[in-house]
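2 protein chains.
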Amino acid sequence: MHVFMYLSHWLVLQGLVKRYKDVIDVSSGNPHGMGLKPLTFVRQVLATCFYPPLVHDESLPLDVRQRAQSLLAECDGESIGSYPATYGMKHVRSSVSTFITRRDGVVSDPDNIIISNGSQHALILILKLLVQGRGLQQTGVLTPVPCYRSFNKGLVAQGAVSVPYYLCEEQGWTVQVEELRRALQAARGHCNPMVLYIINPGNPSGHVQSKASIEEVIRFAAEERLFIMADEVYQGCVFGKDSEFYSYKKVLSEMGPPYSTNVELASFHSVSKGFMGESGLRCGYVEMVNLDPQVMRYAYQAFSFNALASVPGQITLDVMLNPPQPGDPSYAVYAQKKINITENGLPGMTCQPINGGIFMFLRLHLSKAAIEHAEEKDLEPDLLYSMRLLEDTGLCVAPGCELRQKQGTHHIRICLATPEEIMEDVLHRLKSFHLRFIKEFP
Amino acid sequence: MHVFMYLSHWLVLQGLVKRYKDVIDVSSGNPHGMGLKPLTFVRQVLATCFYPPLVHDESLPLDVRQRAQSLLAECDGESIGSYPATYGMKHVRSSVSTFITRRDGVVSDPDNIIISNGSQHALILILKLLVQGRGLQQTGVLTPVPCYRSFNKGLVAQGAVSVPYYLCEEQGWTVQVEELRRALQAARGHCNPMVLYIINPGNPSGHVQSKASIEEVIRFAAEERLFIMADEVYQGCVFGKDSEFYSYKKVLSEMGPPYSTNVELASFHSVSKGFMGESGLRCGYVEMVNLDPQVMRYAYQAFSFNALASVPGQITLDVMLNPPQPGDPSYAVYAQKKINITENGLPGMTCQPINGGIFMFLRLHLSKAAIEHAEEKDLEPDLLYSMRLLEDTGLCVAPGCELRQKQGTHHIRICLATPEEIMEDVLHRLKSFHLRFIKEFP
Numbered sequence: 001m002h003v004f005m006y007l008s009h010w011l012v013l014q015g016l017v018k019r020y021k022d023v024i025d026v027s028s029g030n031p032h033g034m035g036l037k038p039l040t041f042v043r044q045v046l047a048t049c050f051y052p053p054l055v056h057d058e059s060l061p062l063d064v065r066q067r068a069q070s071l072l073a074e075c076d077g078e079s080i081g082s083y084p085a086t087y088g089m090k091h092v093r094s095s096v097s098t099f100i101t102r103r104d105g106v107v108s109d110p111d112n113i114i115i116s117n118g119s120q121h122a123l124i125l126i127l128k129l130l131v132q133g134r135g136l137q138q139t140g141v142l143t144p145v146p147c148y149r150s151f152n153k154g155l156v157a158q159g160a161v162s163v164p165y166y167l168c169e170e171q172g173w174t175v176q177v178e179e180l181r182r183a184l185q186a187a188r189g190h191c192n193p194m195v196l197y198i199i200n201p202g203n204p205s206g207h208v209q210s211k212a213s214i215e216e217v218i219r220f221a222a223e224e225r226l227f228i229m230a231d232e233v234y235q236g237c238v239f240g241k242d243s244e245f246y247s248y249k250k251v252l253s254e255m256g257p258p259y260s261t262n263v264e265l266a267s268f269h270s271v272s273k274g275f276m277g278e279s280g281l282r283c284g285y286v287e288m289v290n291l292d293p294q295v296m297r298y299a300y301q302a303f304s305f306n307a308l309a310s311v312p313g314q315i316t317l318d319v320m321l322n323p324p325q326p327g328d329p330s331y332a333v334y335a336q337k338k339i340n341i342t343e344n345g346l347p348g349m350t351c352q353p354i355n356g357g358i359f360m361f362l363r364l365h366l367s368k369a370a371i372e373h374a375e376e377k378d379l380e381p382d383l384l385y386s387m388r389l390l391e392d393t394g395l396c397v398a399p400g401c402e403l404r405q406k407q408g409t410h411h412i413r414i415c416l417a418t419p420e421e422i423m424e425d426v427l428h429r430l431k432s433f434h435l436r437f438i439k440e441f442p
Numbered sequence: 001m002h003v004f005m006y007l008s009h010w011l012v013l014q015g016l017v018k019r020y021k022d023v024i025d026v027s028s029g030n031p032h033g034m035g036l037k038p039l040t041f042v043r044q045v046l047a048t049c050f051y052p053p054l055v056h057d058e059s060l061p062l063d064v065r066q067r068a069q070s071l072l073a074e075c076d077g078e079s080i081g082s083y084p085a086t087y088g089m090k091h092v093r094s095s096v097s098t099f100i101t102r103r104d105g106v107v108s109d110p111d112n113i114i115i116s117n118g119s120q121h122a123l124i125l126i127l128k129l130l131v132q133g134r135g136l137q138q139t140g141v142l143t144p145v146p147c148y149r150s151f152n153k154g155l156v157a158q159g160a161v162s163v164p165y166y167l168c169e170e171q172g173w174t175v176q177v178e179e180l181r182r183a184l185q186a187a188r189g190h191c192n193p194m195v196l197y198i199i200n201p202g203n204p205s206g207h208v209q210s211k212a213s214i215e216e217v218i219r220f221a222a223e224e225r226l227f228i229m230a231d232e233v234y235q236g237c238v239f240g241k242d243s244e245f246y247s248y249k250k251v252l253s254e255m256g257p258p259y260s261t262n263v264e265l266a267s268f269h270s271v272s273k274g275f276m277g278e279s280g281l282r283c284g285y286v287e288m289v290n291l292d293p294q295v296m297r298y299a300y301q302a303f304s305f306n307a308l309a310s311v312p313g314q315i316t317l318d319v320m321l322n323p324p325q326p327g328d329p330s331y332a333v334y335a336q337k338k339i340n341i342t343e344n345g346l347p348g349m350t351c352q353p354i355n356g357g358i359f360m361f362l363r364l365h366l367s368k369a370a371i372e373h374a375e376e377k378d379l380e381p382d383l384l385y386s387m388r389l390l391e392d393t394g395l396c397v398a399p400g401c402e403l404r405q406k407q408g409t410h411h412i413r414i415c416l417a418t419p420e421e422i423m424e425d426v427l428h429r430l431k432s433f434h435l436r437f438i439k440e441f442p
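If you're matching them up, the sequences are chains G and C in order.
Heads up: the first sequence runs through residues 1 to 442, numbered per full-length UniProt numbering.
Heads up: the second sequence runs through residues 1 to 442, numbered per full-length UniProt numbering.
So that you can see chain G by itself, here it is in the shape it has in the complex:
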């Protein structure tokens, strides 16, 4: 409802005289849509795979042409136009398992990996396998608050019940086991909570879970026999000084039996997120750990009906997991784009440290006057704020009410995977509007 209102408002604005040069849309995680430039190496390799005569084009770096040749050799008929194998190209599934083994220091089996048409598709298919029952027996999925919008929509569409657990903003959006337990017990009155959904690094929170926190969560899942769905698509985007990404697979394996042999886990990754941001190419993977063989069989069946990513998408995944190495001709250009975070010290606005992911989730401390004004207009306060921000400055952000938040708190989400000069403009517009807004509603 709100989204449509917001969107139609935005569309109306397109036809009005604007007070600003252009609209900047940082409301969603669509990096290329916001002007982030693709990585040259990735695109050169793909262009060469599409048009193999480029293998002889000496204006392209040698490692690009060699990489394209070796990837084409993995395709039937040496063409990316040939059907990929069900569950993903053999070479790509093996690249994923090599990547995971190297990342975790724990062996990964290619047979547990399925390549999909984006990680969201894999999430939905895995969810579907776990959903059953009605009433008290209906599958419940513990879902973080805040959380990006489409997950909850997808979950409900698959017939599951969303069981919210609140991340602790005051402690930097940490996952608290007491809160998981509270949510679980509350849910048992009306459904059968079987799945725990975790996003690490967080969207929109920007929190990166510590190893100790992951261990706690795994112990909790083991006690309560929960299936863990670990959405780890921002794993390549960790930039906090003291933060490090630990995968659920690694921590689970290192905890040893009975955890490492019993806790069921599905972990997701994607080419859409992080510094690469190739969302339009639609490719991701899921690794399944400790799945019941019966469930595994159904998983294979569910993925066999054209959930499969295109060959160019799979090649992009392969290149993401095997970037150029020091000494390679393309290494220098393949500069990992670090997300630039500017501290902001505005009154009436706070932000927890952002250690990973591609979002900033700013808390608005709105005055009574502002909240009453929103109530008069029958709008959530942060939606009103976002609409006014768009109207006054052309800056489009996502209001917290769309991402769920603790009752009585208000937020806005800004995507950080945005070119630096645009980000400066974003912060400038936000700052000048915010100061006017708090002056208007003191």
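Check before you lean on any hint, since a few could be wrong.
No more than 30 Å apart at the CA atoms, straight line, and that leaves these computed lysine-lysine pairs for DSSO-like [what the hints assert, rightly or not]: (1) C/Lys128 to G/Lys128; (2) C/Lys439 to C/Lys21; (3) C/Lys153 to C/Lys241; (4) C/Lys37 to C/Lys431; (5) G/Lys128 to C/Lys153; (6) G/Lys241 to G/Lys37; (7) G/Lys21 to C/Lys90; (8) C/Lys37 to C/Lys21; (9) C/Lys128 to G/Lys153; (10) G/Lys128 to G/Lys37; (11) C/Lys406 to C/Lys377; (12) C/Lys250 to C/Lys128; (13) C/Lys439 to C/Lys406; (14) C/Lys211 to C/Lys250; (15) C/Lys377 to C/Lys153; (16) C/Lys241 to C/Lys406; (17) G/Lys439 to G/Lys153; (18) G/Lys153 to G/Lys377; (19) G/Lys21 to G/Lys431; (20) G/Lys21 to G/Lys439; (21) G/Lys21 to G/Lys37; (22) G/Lys153 to C/Lys90; (23) C/Lys90 to G/Lys37; (24) C/Lys21 to G/Lys90; (25) C/Lys439 to G/Lys90; (26) C/Lys37 to G/Lys90; (27) G/Lys406 to G/Lys128.
Honestly, the hints are just simulated from the structure, not real lab data.
Model, not experiment: these values are computed from the prediction.
Using the hints, position chain C against chain G.
Only chain C this time, still in chain G's reference frame:
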């Protein structure tokens, strides 16, 4: 079961001393996998979209560079890495509707078109919408015999009942309304037949339906209130001298009310098939006609969870529907590859005229001795034939028993979308083997 047996047989052969130079696999419709070369224009446009500096590369034709620029302008941030809109890029949906309007002389509404990750995915999702009930109420789908394998697998996995109707081989694999009626009435004893699945041009039959035949089928569907699923992915592949492709949409529209306003139809098309054969790029579309608004709403919902094709796939579809025109620099090179059919006059083998599609479905008239030999080995006769063909000559074809056929008949399927020199080799191997085989089993 048979497939696995066949495949393992094939794999065992890989390790054996072979009597032939290499294996030629014409068993499935994977044109690029079999060495068919991609169309230069398509691949040059895509390479330029991936790596936009190629826009300035004067070794590429001007129309390629202009086309790439105009397609990039349709992407957010002018990058194919940005998220496409749900249901498909606006530009591509509109290109599809323009193509259909031009093809049929009947207006097509872009809102009735959804772009999908391959036409099979769209088929499965539409099927899923129509499947309901158990026992006598379970949705039945009238399905042609012969038919490619994965459709029946997908149909059963979605919880529908496959209701076979036999194409009339003696009359060139035509669809006979009496046979549809027989199949329907027989099915009413055990399920609720609601859907009629048609493949035109046929796979594997190579039959192209006449306008009169389509009218008959539509009248039958109207009487029996069947939802028509028209698989028209081979529409670009009609080469019979007196054959012409008529879409179900066109014929339905021209029949006028009550047909044109009542009969529910979903029509499918794809970049995977025909002379382009870009199966690895995973893109297709469905056009929905006369759908109940309630069903339409569910269709939109079903397609909203990442059934979406990648942007490169969508661009490929756009280029397929808008090929270079006479006078364009790339027109001369964009030579439509015509499928080469060699008449064969072998004893014990017949083939109905092939007017479209990319397959040849050859009938084997096997001797009593051959059939008894197969029975001794507990194999379907055409599976035995195919295994021996592979073993002796390295030629891999699909046995008719895998594609369903009338009891007591035997066939093999060969994909024709194969480079000409390979096709010659295919026919040579087939001929020499066949003559040996009928000598062995007189």
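For each hint, the structure was consulted:
1. C/Lys128 to G/Lys128: Given pair C/Lys128, G/Lys128 holds - Cα atoms ~14 Å apart, limit 30 Å.
2. C/Lys439 to C/Lys21: 24 Å, holds
3. C/Lys153 to C/Lys241: 34 Å, violated
4. C/Lys37 to C/Lys431: 26 Å, holds
5. G/Lys128 to C/Lys153: 19 Å, holds
6. G/Lys241 to G/Lys37: Since the Cα atoms of G/Lys241 and G/Lys37 sit roughly 25 Å apart, the hinted pair holds (cutoff 30 Å).
7. G/Lys21 to C/Lys90: 25 Å, holds
8. C/Lys37 to C/Lys21: 22 Å, holds
9. C/Lys128 to G/Lys153: Holds. C/Lys128 to G/Lys153 sits at ~19 Å (cutoff 30 Å).
10. G/Lys128 to G/Lys37: 35 Å, violated
11. C/Lys406 to C/Lys377: At roughly 21 Å apart (the allowed maximum being 30 Å), C/Lys377 and C/Lys406 satisfy the hint.
12. C/Lys250 to C/Lys128: 25 Å, holds
13. C/Lys439 to C/Lys406: OK: C/Lys439 and C/Lys406 at ~26 Å, within 30 Å.
14. C/Lys211 to C/Lys250: 10 Å, holds
15. C/Lys377 to C/Lys153: OK: C/Lys377 and C/Lys153 at ~26 Å, within 30 Å.
16. C/Lys241 to C/Lys406: 28 Å, holds
17. G/Lys439 to G/Lys153: Between G/Lys439 and G/Lys153 the Cα gap is close to 37 Å, so the pair fails against 30 Å, i.e. violated.
18. G/Lys153 to G/Lys377: 26 Å, holds
19. G/Lys21 to G/Lys431: At roughly 17 Å apart (the allowed maximum being 30 Å), G/Lys431 and G/Lys21 satisfy the hint.
20. G/Lys21 to G/Lys439: Given that 30 Å is the threshold and the Cα spacing comes to 24 Å, the pair holds.
21. G/Lys21 to G/Lys37: 22 Å, holds
22. G/Lys153 to C/Lys90: 23 Å, holds
23. C/Lys90 to G/Lys37: Distance of about 23 Å is within 30 Å: holds.
24. C/Lys21 to G/Lys90: 25 Å, holds
25. C/Lys439 to G/Lys90: 42 Å, violated
26. C/Lys37 to G/Lys90: Status holds; Cα separation ~22 Å.
27. G/Lys406 to G/Lys128: At roughly 28 Å apart (the allowed maximum being 30 Å), G/Lys128 and G/Lys406 satisfy the hint.
The structure does not agree with the numbered hints 3, 10, 17, 25 stated previously, though it agrees with the rest.
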